[in-house]
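S.K.: Chains as they are written, first to last, in the numbering used here: chain A, 1 to 75; chain B, 76 to 429; chain C, 430 to 765.
Calculated from the structure, these hints are not laboratory results.
Treat the hints with care, as some may be off.
Said to hold, decoys possible - Capping the alpha-carbon separation at 16 Å, the derived lysine to aspartate or glutamate pairs in EDC-like fashion look like this:
hint	chain 1	residue 1	chain 2	residue 2
1	C	K464	C	D736
2	B	K248	B	E383
3	A	K52	B	E319
4	C	K666	C	E750
5	B	K219	A	E35
6	B	K423	C	E562
7	B	K423	C	D692
8	B	K356	B	E334
9	B	K226	B	D361
10	C	K559	C	E527
11	C	K565	C	E527
12	A	K52	A	E35
Stated by the list, open to error - Some chain C residues judged to face chain B by a derived CB distance under 10 Å, without partners named:
hint	residue
13	R434
14	A438
15	L445
16	A548
17	I576
18	D692
19	I747
20	G748
21	I752
Stated by the list, open to error - Stretch by stretch, here's where chain B covers chain A in the computed footprint (C-beta under 8 Å, at least three residues):
hint	segment
22	17-23
23	30-37
24	44-52
By construction, the Cβ of each residue, glycine as well, lies at the ideal position given by its N, Cα and C atoms.
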Amino acid sequence: MCLAVPARIVELHDSCATISVDGILRDVDVSLIEEPRLGDYVLVHAGFAIHKWDQSEVEELEAIRAAGDLRQALA
Amino acid sequence: MKTLLHTIKDLAGRLKRDVRFMEVCGTHTMVAFRTGLVQLLPPNVKLISGPGCPVCVTDTSYIDAAINLCRRPNVIIATFGDLLRVPGSESSLERERASGAQVRIVYSPMDAVNFAQEAPGKHVVFLGVGFETTAPTVAWSIRKADREGIKNFSVLCAHKTMPHAMAALLKDKQVGIDGFICPGHVSVITGAAMYRFLCAQYDIPCVVTGFEAWDMLKAVAMLLQQRVDGRAMVEVEYSRSVTERGNTAAQELIHEVFEPCDVNWRGLGTIPQSGLAIRAKYGRFDAARVLNVQFGEAQVPAGCHCGEVLRGVLTPLECRLFGRVCSPMNPIGPCMVSSEGVCAAYYKYEKRAA
Amino acid sequence: MKRDRILLAHGGGGSLTRELITKVFVPRFDNPVLKPLEDSAVLVMSGKGYAFTTDSYVVKPCFFPGGDIGKLAVCGTVNDLAMQGAQPYWLSLSFILEEGLLLADLKKIVDSIAETARAIGVEIVTGDTKVVERGKCEGLYINTSGIGRICTPNWWGASAVRAGDFVLVNGPLGEHGVAVMSQREGIAFSSSVVSDCAPLWPLVKTILDVGLEIHAMRDLTRGGLSAAVCDIAEAAKLGICLDESSLPIGREVRGACDLLGLDPLTIANEGKCIVFCPQENSETILSAMKQHPLGKEARIIGRVLPDPKGMALLRTTIGSERIIDMPTGEDLPRIC
Numbered sequence: 001m002c003l004a005v006p007a008r009i010v011e012l013h014d015s016c017a018t019i020s021v022d023g024i025l026r027d028v029d030v031s032l033i034e035e036p037r038l039g040d041y042v043l044v045h046a047g048f049a050i051h052k053w054d055q056s057e058v059e060e061l062e063a064i065r066a067a068g069d070l071r072q073a074l075a
Numbered sequence: 076m077k078t079l080l081h082t083i084k085d086l087a088g089r090l091k092r093d094v095r096f097m098e099v100c101g102t103h104t105m106v107a108f109r110t111g112l113v114q115l116l117p118p119n120v121k122l123i124s125g126p127g128c129p130v131c132v133t134d135t136s137y138i139d140a141a142i143n144l145c146r147r148p149n150v151i152i153a154t155f156g157d158l159l160r161v162p163g164s165e166s167s168l169e170r171e172r173a174s175g176a177q178v179r180i181v182y183s184p185m186d187a188v189n190f191a192q193e194a195p196g197k198h199v200v201f202l203g204v205g206f207e208t209t210a211p212t213v214a215w216s217i218r219k220a221d222r223e224g225i226k227n228f229s230v231l232c233a234h235k236t237m238p239h240a241m242a243a244l245l246k247d248k249q250v251g252i253d254g255f256i257c258p259g260h261v262s263v264i265t266g267a268a269m270y271r272f273l274c275a276q277y278d279i280p281c282v283v284t285g286f287e288a289w290d291m292l293k294a295v296a297m298l299l300q301q302r303v304d305g306r307a308m309v310e311v312e313y314s315r316s317v318t319e320r321g322n323t324a325a326q327e328l329i330h331e332v333f334e335p336c337d338v339n340w341r342g343l344g345t346i347p348q349s350g351l352a353i354r355a356k357y358g359r360f361d362a363a364r365v366l367n368v369q370f371g372e373a374q375v376p377a378g379c380h381c382g383e384v385l386r387g388v389l390t391p392l393e394c395r396l397f398g399r400v401c402s403p404m405n406p407i408g409p410c411m412v413s414s415e416g417v418c419a420a421y422y423k424y425e426k427r428a429a
Numbered sequence: 430m431k432r433d434r435i436l437l438a439h440g441g442g443g444s445l446t447r448e449l450i451t452k453v454f455v456p457r458f459d460n461p462v463l464k465p466l467e468d469s470a471v472l473v474m475s476g477k478g479y480a481f482t483t484d485s486y487v488v489k490p491c492f493f494p495g496g497d498i499g500k501l502a503v504c505g506t507v508n509d510l511a512m513q514g515a516q517p518y519w520l521s522l523s524f525i526l527e528e529g530l531l532l533a534d535l536k537k538i539v540d541s542i543a544e545t546a547r548a549i550g551v552e553i554v555t556g557d558t559k560v561v562e563r564g565k566c567e568g569l570y571i572n573t574s575g576i577g578r579i580c581t582p583n584w585w586g587a588s589a590v591r592a593g594d595f596v597l598v599n600g601p602l603g604e605h606g607v608a609v610m611s612q613r614e615g616i617a618f619s620s621s622v623v624s625d626c627a628p629l630w631p632l633v634k635t636i637l638d639v640g641l642e643i644h645a646m647r648d649l650t651r652g653g654l655s656a657a658v659c660d661i662a663e664a665a666k667l668g669i670c671l672d673e674s675s676l677p678i679g680r681e682v683r684g685a686c687d688l689l690g691l692d693p694l695t696i697a698n699e700g701k702c703i704v705f706c707p708q709e710n711s712e713t714i715l716s717a718m719k720q721h722p723l724g725k726e727a728r729i730i731g732r733v734l735p736d737p738k739g740m741a742l743l744r745t746t747i748g749s750e751r752i753i754d755m756p757t758g759e760d761l762p763r764i765c
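With the hints as constraints, model all of the structure from the sequences given.
M.R.: What follows is the structure in structure tokens.
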């Protein structure tokens, strides 16, 4: 059971935050991560943020997704 | 990507023998099949799917217990979508819903707590199935319900943890494993250090892996390199999310609400200390206790080989029921019906046997 | 396990729906007009070809971003006619209303039906109304049946599809499903995705006006692109291979699918269709589609193969192939 998706915090409330996954907005609980801030990237599973990413980690994911597209690699 | 594939081919060629790497996460199974990456591997590198689907390793008796609960007039079952179509010994939650039982799909265990608040005359039972990634979210929901004095919510707990199951697989002579692709999101919670004992005691390389096709192929390359070098250590491919220590707040929460217990894994038998039970302190949220749930004997349908498939001993294509009697439309065991079950993945994404 | 009751998935346009049709309905009604099981039946009267179709609309909520059940009730039926190459002329309109439904809501929906019909040039010529007790239907259900005049020089359908044909789609996938899902209790999320609900006849007319041979069209409704290609591959006894990197999927639809663990290929659409045509005609037809507002983002997404017979495949972005399976019929959000 490992489906977790990267998302960006776009609003902060008490113990929850509104996150955006490519423009899809949902409220998630941020009690399991430390000091969530507006603009932070988090990993979301079952309505909870379970890990906070920094910018370099986000860029790493984008690079991996691009590298994984063989068509782009061959083009 | 091309370089990575060349590296894999080169390393596999140096090994000259078959190697079997096992992944133990349902999401890894789905990624492997959805992207077809298995086809890109050299013939001597076998990727096998182990017991990484928490729905598949849950006893039929649990589904039967959930079905019995949902037949009670004042009970609402709240469940992740993954469990809806899983067959029990005679019925499924989907079928019960069609017969009028209140079964609600939720995305988060907190949704179940919210339902309970909105429906004070009913008792909401959340089906707590999942590994260490999910356990803290359920623990948090129980604790929140406790703090808010919610009296009509409980969890039918079947959570399990990975390390002892992985060790059990290695003790089984029938299951030959040359390396583990370790579950990435479980490791976000537990930390990568958790797998060190496997390397030390069983001389097995472990790579904690992310969920893009690239991540899984990189992990295969890393495992092959370890085998070529004669190493057996924990390496983290998924470094963007996984640390040595993991999410300590989540770990403390699991520890506060749950305690380890012995539990039966379908296909693997009872594995000591591999399950999570709700502690007495939160006993009023333990549905089994509060609602006096009776669990029957675990039953395996005749001819069903889900157990061997889960242990990686058989591939789905080697099960006589696969594609003939057992299909997503008519699943015999959970491996076929769960969206991440290995048989469902084979059925969807590979050529069918029959 | 015996299946002795109707499940929600039986209405999902996937494998369970197909099972119901082939095992319960067709054996009892079998006749040559029904046999092709295309989007519309083709009737020949006085030497002219007419298309006849029916559809029921039970979407919840009744009002969703980009439309409402009324607009859907016209577009859905008109689109089934258009997929047979038929210009829509007449619709019947039946209501099943729930006791307690607000008259203001009904009027809004009827206004929407009238406006949509007028814009397409189709007339509502007969109708019916029933009312059921509170709680027996959620708000209202609508059925529309439609008749159109076939304008194509050749039969359009799975039996006309040939190996070597190209497959085109008119635009991004999954918008209707995501727009409706976002309103649903239990998995609520906010998005700016708007249903793509639209009448396809004007686009089909544009394609017809090009004057080149078309073999089939199918609109992508419940079960999404997956259900449509699986259906056609099976009926045509040919293989269809789609190219994953060519599939147009919007950012937000992808986000919703990532969040909920859904497959964008199985999500409902209400203004999208696939076109099967000979390879040599595909570029011209594609250009014509792109000139039309409903085809601005049209793409060639795959081709028809002689093998594997009856199966649809996807060539993935990492260069592998995997099977596109018929969805079972209920999009369940997963966390795994």
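S.K.: Compare the structure with each hint and give your call.
M.R.: Results of checking the hints against the structure:
Our distance criterion of 16 Å between C-alpha atoms is broken by C/K464 and C/D736, whose separation comes to about 24 Å. Under the criterion of a C-alpha separation no larger than 16 Å, the hint pairing B/K248 with B/E383 is consistent with the structure, at around 13 Å. A hinted pair counts as satisfied when its Cα atoms are at most 16 Å apart, and A/K52 with B/E319 qualifies at roughly 15 Å. Restraint check for C/K666 and C/E750: not satisfied, since their Cα atoms lie roughly 19 Å apart, outside the 16 Å limit.
For a cut-off of 16 Å, the pair hint linking B/K219 to A/E35 is broken: about 19 Å separates their Cα positions. Among the hinted pairs, B/K423 with C/E562 is inconsistent with the structure: their alpha-carbon atoms are about 43 Å apart, more than 16 Å. Of the supplied pair hints, the one linking B/K423 and C/D692 holds, its CA atoms being roughly 12 Å apart against a limit of 16 Å. With a CA separation close to 11 Å, the supplied pair B/K356 and B/E334 stays within the 16 Å bound.
Simply put, B/K226 and B/D361 have alpha-carbon atoms about 12 Å apart, close enough for the 16 Å limit, and the pair holds. Of the supplied pair hints, the one linking C/K559 and C/E527 holds, its CA atoms being roughly 9 Å apart against a limit of 16 Å. The hinted pair formed by C/K565 and C/E527 meets the criterion: a straight-line CA distance of about 7 Å does not exceed 16 Å. Restraint check for A/K52 and A/E35: the C-alpha separation of about 9 Å stays at or below 16 Å, so the hint holds.
For the restraint placing C/R434 at the interface with chain B, the shortest Cβ-Cβ distance is roughly 4 Å, inside the 10 Å limit, so the hint holds. Hint on C/A438 holds. Least Cβ distance to chain B is approximately 7 Å, under the 10 Å limit. For C/L445, the suggested interface contact is upheld, since its CB lies about 7 Å from the closest CB of chain B, less than 10 Å. With its C-beta approaching chain B no nearer than about 37 Å, C/A548 sits outside the 10 Å limit, and its interface hint is violated.
For the restraint placing C/I576 at the interface with chain B, the shortest Cβ-Cβ distance is roughly 35 Å, beyond the 10 Å limit, so the hint is violated. At a threshold of 10 Å, the smallest CB-CB gap from C/D692 to chain B is about 8 Å, leaving the interface hint in force. Using the Cβ-Cβ criterion of 10 Å, the hint placing C/I747 at the interface with chain B is satisfied: the shortest such distance is roughly 5 Å. Interface hint status for C/G748: upheld, as the beta-carbon distance to the closest one in chain B is roughly 7 Å, under 10 Å.
Evaluation of the C/I752 hint against chain B yields a held restraint, the C-beta minimum of about 5 Å falling below 10 Å. Judged by the Cβ-Cβ criterion of 8 Å, the segment 17-23 of chain A is not covered by chain B as claimed, because only 0 of its residues qualify and three are needed. Proximity of the segment 30-37 of chain A to chain B, defined as three or more residues with a beta carbon under 8 Å from a beta carbon of that chain, is established by the 4 residues found. Under the rule that three or more residues need a Cβ within less than 8 Å of chain B, the assignment of the segment 44-52 of chain A holds, with 6 such residues.
The structure shown violates the earlier hints numbered 1, 4, 5, 6, 16, 17, 22.
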